[in-house]
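Visitor: Next come the chains, spelled out residue by residue.
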Amino acid sequence: MTIRRVLPFALLLAGALSCSEATAPGRAPVYEWRLVLGTDTLSFHWPKSALPVKVWVEDSLGMPARVQEGIATWRAAFLYGEYDAVLVADSAAADVLVRVTTAPGASVAAARRLHTAFPGCEGATDIDTVATRFELRLPVRIYITPKYDPTQVDLTECFRITARHELGHSLGLFQHTTDPVDIMFSQPEAQALSGRDVNTAQVAAHWPSNMAPTR
Amino acid sequence: MVSLAALVALARSAPLAAQVRLSGAIGVTGSSALVTDLIVQPIEVKPALAPTFLLSASLPIATKLRASLDLGYGSSAAELTEDGVSSGDLGTLGVFTASAGLVGPLVSRLSWRVSLGVLQYVPSEKIGVFQDGVPAAALFGAGLDWRQPFSEHWAGVAGVRYDLHLFSTSALEAAGFTGSQQVSRVGFALGAAWDLP
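Chains A and B supply the protein sequences, listed in that same order.
Residue numbers for the first sequence follow the numbering used here, beginning at 165 and rising by one.
Residue numbers for the second sequence follow the numbering used here, beginning at 2 and rising by one.
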């Protein structure tokens, strides 16, 4: 057997393998995620150098486990390592704080509070854009509060959905949607991220950010 | 490794034992992109140039034709580029290959080879496109080897290899990718061959 007899088979095999073509999805539809303040449209995503984002969670009502689940859900939505977060024990070093308490009165004029209502619990995320509007003051503060006595009512699912929703704000999704299917709906009830949530998070992570994290 | 040992054992017990050839080589392998995407800007995931180790055992099956079993391993960063600019990596990507092929003389000390086998990527981190693992892929390969005898049993070898496989992952399919990415790899290796006495 010589190369002349092998070559046609080899070319045939190579040709068969090379017939395939990968096509990337279009990432549509998406919803508006940017924060509009006056005439400024602000877009934020965590820079690669800030990953993994450090999250401190108050150890109450099983919230660390709920937040950990939320981090895993959002991490799985990305294909190129755009988001990752870890729980940390030291709140002073955290980029995001999650407290199990009612949100205090907004004290910073430049802060936008994104409030979420759910039948069993509620959440809020404070986005402090500082006076310049082009900086995001860290830590981002998240509040999750039970509406009922958690010893009487199982609020696990409520905490899970609310934590996922508020973490969505912390990674740059600064708007609420009008579709209940989305986790970023203002009264979230979705058990998983919608296609629009995933598309929007991916686009937001690659959209040019005009807000820099600062302390 | 089991196949390689079996081939050696078989060869040792047969009259062809003296014609069994073992070789090992070290080289580098370059690859085309595993993933090309567009999210606001073009994105590409591509293995960096990988140091590669190759082991091979062959024995004659006809006049001027040898059957060969080849194993390879390489490892490098899974580099990420956005709009043509490096933006980090998705960890380290190990690549195991196992293939069976035919080797024959071309001109002088140059020989050709073609092979079929499997390729398995082993990512160091289960993130992004690798978060749900990577399935093994069929591999087609071809190459040229130069053999320079040093003694009765030893020779130096230099080879260039090309191979082609299709790449996709569960995470890519779940994200809406259709079809598979054609991935071409080109490698160069230097090593030594030993003809069993």
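These aren't lab readings, by the way, just hints derived from the structure by calculation.
Every residue gets a Cβ at the ideal spot worked out from N, C-alpha and C, and that includes glycine.
Mixed in with the good hints there might be a few duds.
[Claimed, not checked] Within a straight-line C-alpha distance of at most 25 angstroms, the following computed PhoX-like cross-link-like pairs (lysine-lysine) qualify: (1) A/Lys-212 with B/Lys-47; (2) A/Lys-218 with B/Lys-127; (3) A/Lys-212 with B/Lys-127; (4) B/Lys-47 with B/Lys-127.
[Said to hold, decoys possible] Counterexamples of contact, computed for chain B against chain A with all Cβ distances above 10 angstroms: (5) Tyr-74; (6) Phe-151; (7) Ser-152; (8) His-154; (9) Ala-176.
Visitor: Please go over all the hints and tell whether each is borne out by the structure.
Guide: Evaluated hints:
| no. | hint | verdict |
| --- | --- | --- |
| 1 | A/Lys-212 with B/Lys-47 | holds, 18 angstroms |
| 2 | A/Lys-218 with B/Lys-127 | holds, 19 angstroms |
| 3 | A/Lys-212 with B/Lys-127 | holds, 17 angstroms |
| 4 | B/Lys-47 with B/Lys-127 | holds, 16 angstroms |
| 5 | Tyr-74 | holds, 22 angstroms |
| 6 | Phe-151 | holds, 26 angstroms |
| 7 | Ser-152 | holds, 28 angstroms |
| 8 | His-154 | holds, 26 angstroms |
| 9 | Ala-176 | violated, 6 angstroms |
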